[in-house]
Amino acid sequence: MSFFSFHLANVPLVTAAGALLVAPKSPGLLHIEVMANMELGAAVLSLKRMQLRCIAVFAEWESEAALETFLAAHPVGRRLNLGWHVRLAFLRRWGQVQEFAHLPEIAGRSIPSEPIVALTIARMRLPQLLRFIHWGRPVERQV
Numbered sequence: 001m002s003f004f005s006f007h008l009a010n011v012p013l014v015t016a017a018g019a020l021l022v023a024p025k026s027p028g029l030l031h032i033e034v035m036a037n038m039e040l041g042a043a044v045l046s047l048k049r050m051q052l053r054c055i056a057v058f059a060e061w062e063s064e065a066a067l068e069t070f071l072a073a074h075p076v077g078r079r080l081n082l083g084w085h086v087r088l089a090f091l092r093r094w095g096q097v098q099e100f101a102h103l104p105e106i107a108g109r110s111i112p113s114e115p116i117v118a119l120t121i122a123r124m125r126l127p128q129l130l131r132f133i134h135w136g137r138p139v140e141r142q143v
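Note that our numbering has the sequence shown beginning at 1, numbered continuously upward.
Check each hint, because a few of them may be wrong.
Ranges between beta-carbon positions, derived for each pair [claimed, not checked]:
no.: 1; residue 1: 1; residue 2: 141; range: 21 to 31 Å
no.: 2; residue 1: 126; residue 2: 73; range: 34 to 44 Å
no.: 3; residue 1: 129; residue 2: 2; range: 29 to 39 Å
no.: 4; residue 1: 2; residue 2: 46; range: 31 to 41 Å
no.: 5; residue 1: 109; residue 2: 13; range: 36 to 46 Å
no.: 6; residue 1: 1; residue 2: 27; range: 26 to 36 Å
no.: 7; residue 1: 127; residue 2: 75; range: 27 to 37 Å
no.: 8; residue 1: 109; residue 2: 12; range: 40 to 50 Å
no.: 9; residue 1: 127; residue 2: 53; range: 22 to 32 Å
Read the hints as simulated data drawn from the structure, not as lab findings.
Beta carbons are placed, not taken as given, at the ideal position from N, Cα and C, and that holds for glycine.
Just need the whole structure built from these sequences, with the hints factored in.
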């Protein structure tokens with residue numbers, strides 16, 4: 001079964017823009033989601049809100065060797081390797097993201113004494129932007 005990684009890294013603006021526009025490709029990389037970090041609570045239209053120099057990456061890999069090769073040899077991978085990452089075993093999914101539809105709803109159980117990482121992938125649709133901002137602002141104030 002495949003495994004997953006989640007990365008946070010500060011990268012040059014050119015690297016971030018390139019990875020956001022064209023997803024990196026590498027042998028053994030099954031799927032990758034590259035996202036810009038956001039500061040919750042910051043003004044919606046501000047440089048503080050969209051932190052384009054800090055990216056978050058979620059990826060599915062065929063093997064740990066494929067991830068190691070990416071981190072050592074790919075230009076984006078080398079930048080990510082300077083940041084923080086965690087390797088993840090898939091346990092459960094809720095909802096639908098087409099690229100991960102092949103994953104079962106439940107693949108395993110967690111061990112209560114071990115740490116858990118929960119990741120939410122949400123794709124913004126432009127027609128829903130105003131509704132998202134309206135309902136998201138009260139939640140952001142609590143963060």
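Next on the checklist: Quick check on a hinted range of 31 to 41 Å for residue 2 and residue 46, using CB atoms only.
Outcome noted: holds (38 Å)
Checklist entry - Does 34 to 44 Å hold as the CB distance between residue 126 and residue 73, or does it fail? => result Holds - the Cβ-Cβ distance for residue 126 and residue 73, about 36 Å, lies within 34 to 44 Å.
Checklist entry - Is the gap between the beta carbons of residue 109 and residue 13 within 36 to 46 Å? => result holds (42 Å)
Item to check | Consistency of beta-carbon spacing, residue 141 to residue 1, with hint 21 to 31 Å | outcome: At roughly 40 Å between Cβ atoms, residue 141 and residue 1 fall outside 21 to 31 Å, so the hint is violated.
Item to check | Range hint compliance [Cβ, residue 127 to residue 75, 27 to 37 Å] | outcome: holds (35 Å)
Checklist entry - Do residue 127 and residue 53 keep their Cβ atoms within the hinted range of 22 to 32 Å? => result holds (29 Å)
Checklist entry - Between residue 129 and residue 2, does the beta-carbon spacing fit 29 to 39 Å? => result With a Cβ separation near 33 Å, residue 129 and residue 2 satisfy 29 to 39 Å, so the hint holds.
Checklist entry - Quick one: are residue 1 and residue 27 within 26 to 36 Å, going by C-beta? => result This hint is violated: roughly 18 Å between Cβ atoms.
Checklist entry - In this structure, is the beta-carbon distance linking residue 109 and residue 12 contained in 40 to 50 Å? => result holds (41 Å)
Against the hints set out earlier in the document, violations occur for numbers 1 and 6.
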